[in-house]
Amino acid sequence: MGRFNKVRLSSQFGFSSLLPSAVWDSVARSPCPSASPISPSRVIVTVCAVFDHDIFVVFICVDVFDIFIIFLFYRECDISSTIDFIFGNAAAVFQNCNIYLRKPRKGEPNVITVQGQSDPNQNIGIVIQFFNISSNTELLPVRCTVRSYLGRPWMKYSRTVYMQNNIGRLIDPARWLLWNGDFALNTLYYAEFKNKGPGSRMSKWVKWPGYHIIVKSSLVRKFTVGNFIDNVWLPSTGCPLPPA
1 MGRFNKVRLS SQFGFSSLLP SAVWDSVARS PCPSASPISP SRVIVTVCAV FDHDIFVVFI
61 CVDVFDIFII FLFYRECDIS STIDFIFGNA AAVFQNCNIY LRKPRKGEPN VITVQGQSDP
121 NQNIGIVIQF FNISSNTELL PVRCTVRSYL GRPWMKYSRT VYMQNNIGRL IDPARWLLWN
181 GDFALNTLYY AEFKNKGPGS RMSKWVKWPG YHIIVKSSLV RKFTVGNFID NVWLPSTGCP
241 LPPA
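Here the UniProt record's numbering is used: the first residue of the sequence shown is 1, the next is one more, and so on.
Keep in mind that the hints are not guaranteed to be accurate.
What the hints assert, rightly or not - Computed cross-link-like contacts, EDC-like style, restricted to lysine to aspartate or glutamate with a CA-CA straight-line distance of at most 20 Å: (1) K106 - E138; (2) K207 - D172; (3) K156 - D78; (4) K106 - D78; (5) K194 - E138; (6) K103 - D119; (7) K222 - D172; (8) K216 - D172; (9) K106 - D182; (10) K103 - D78; (11) K106 - D84; (12) K103 - D182; (13) K156 - E138; (14) K103 - D84; (15) K196 - D182; (16) K222 - D182; (17) K222 - E138.
Since the hints were derived computationally from the structure, they do not count as laboratory data.
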């Protein structure tokens, strides 16, 4: 891992923005821990490899992700936030991470993902695999008063898959949240496969036309790292990778 420059990027809004190479170059030249060109007040993400506008890898990071680069792979991250904090329009796999939901503003829910696919012909989406989803210390005492969800559809063809995660009791029994009435319920693709934990009981899950409970392993193979984000470029990063 020694050949990678560690880059720290922050924003005044509290999320990490995946920016053009000129901005990344500026951040990379900053002292570490760095004050980014956007805001000097917060340090959020540690990046082990940055390639170009179409390929991006993060290994060990903290906080929130806005994803608009084509292929992204995040592994062993600690992520802590409240609403719509993994969002964007790309093929992104998050693996072996921890999500610690925080106490939101009064009256707001916690929502983990908000995927923005507007073209049905794109092979993109968000894949969440091998996660632990729980409360942080601030939310824990009041978690029964806050509704928390796996995601909601930002665009018409929103696509998100949760696979083999440990989901805590804090997730709402419905699991997924409406965006605006019945918007996108027939056209989205939301799926779950072998999730476990007290938040993984099926009886009260949403019954949307676009929501799928997958049973067969063969049906989720297309969402694995090797198939979904074209695994051929990942070994060159030197980041720890899952078995093929």
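Hint by hint, here is what the structure shows:
Of the pairs offered as hints, the one joining K106 and E138 holds, with about 14 Å between alpha carbons and a cut-off of 20 Å not exceeded. A hinted pair counts as satisfied when its Cα atoms are at most 20 Å apart, and K207 with D172 qualifies at roughly 14 Å. Only pairs whose Cα atoms come within 20 Å are accepted, and K156 paired with D78 is rejected, the gap being roughly 29 Å. Restraint check for K106 and D78: not satisfied, since their Cα atoms lie roughly 24 Å apart, outside the 20 Å limit.
Taken as a hint, the K194 and E138 pair is broken in the structure, with Cα atoms around 29 Å apart against an allowance of 20 Å. Proposed proximity of K103 and D119 is contradicted: the alpha carbons are some 34 Å apart, above 20 Å. Distance check on the hinted pair: K222 and D172 sit about 28 Å apart at the alpha-carbon level, beyond 20 Å; violated. Straight-line distance between C-alpha atoms of K216 and D172 comes to about 25 Å, which puts the hinted pair past the 20 Å bound.
At most 20 Å may separate the alpha-carbon atoms for a hinted pair to count; K106 and D182 exceed this at roughly 25 Å. Note on K103 and D78: the hinted pairing holds, with a Cα-Cα distance of about 16 Å set against a maximum of 20 Å. Distance restraint check for K106 and D84: the Cα-Cα separation of roughly 16 Å lies within the 20 Å cut-off, and the hinted pair is therefore satisfied. Restraint check for K103 and D182: the C-alpha separation of about 27 Å exceeds 20 Å, so the hint is violated.
The hinted pair formed by K156 and E138 fails the criterion: a straight-line CA distance of about 34 Å is larger than 20 Å. Taking the CA atoms of K103 and D84, the gap is near 14 Å; set against the 20 Å cutoff, the hint holds. For the hint pairing K196 with D182, the CA-to-CA distance comes to about 28 Å; that exceeds 20 Å, so the pair is violated. Annotation: proposed proximity of K222 to D182 is violated, straight-line Cα distance about 28 Å (limit 20 Å).
Restraint check for K222 and E138: not satisfied, since their Cα atoms lie roughly 37 Å apart, outside the 20 Å limit.
The structure fails hints 3, 4, 5, 6, 7, 8, 9, 12, 13, 15, 16, 17 (numbered hints given earlier, in ascending order).
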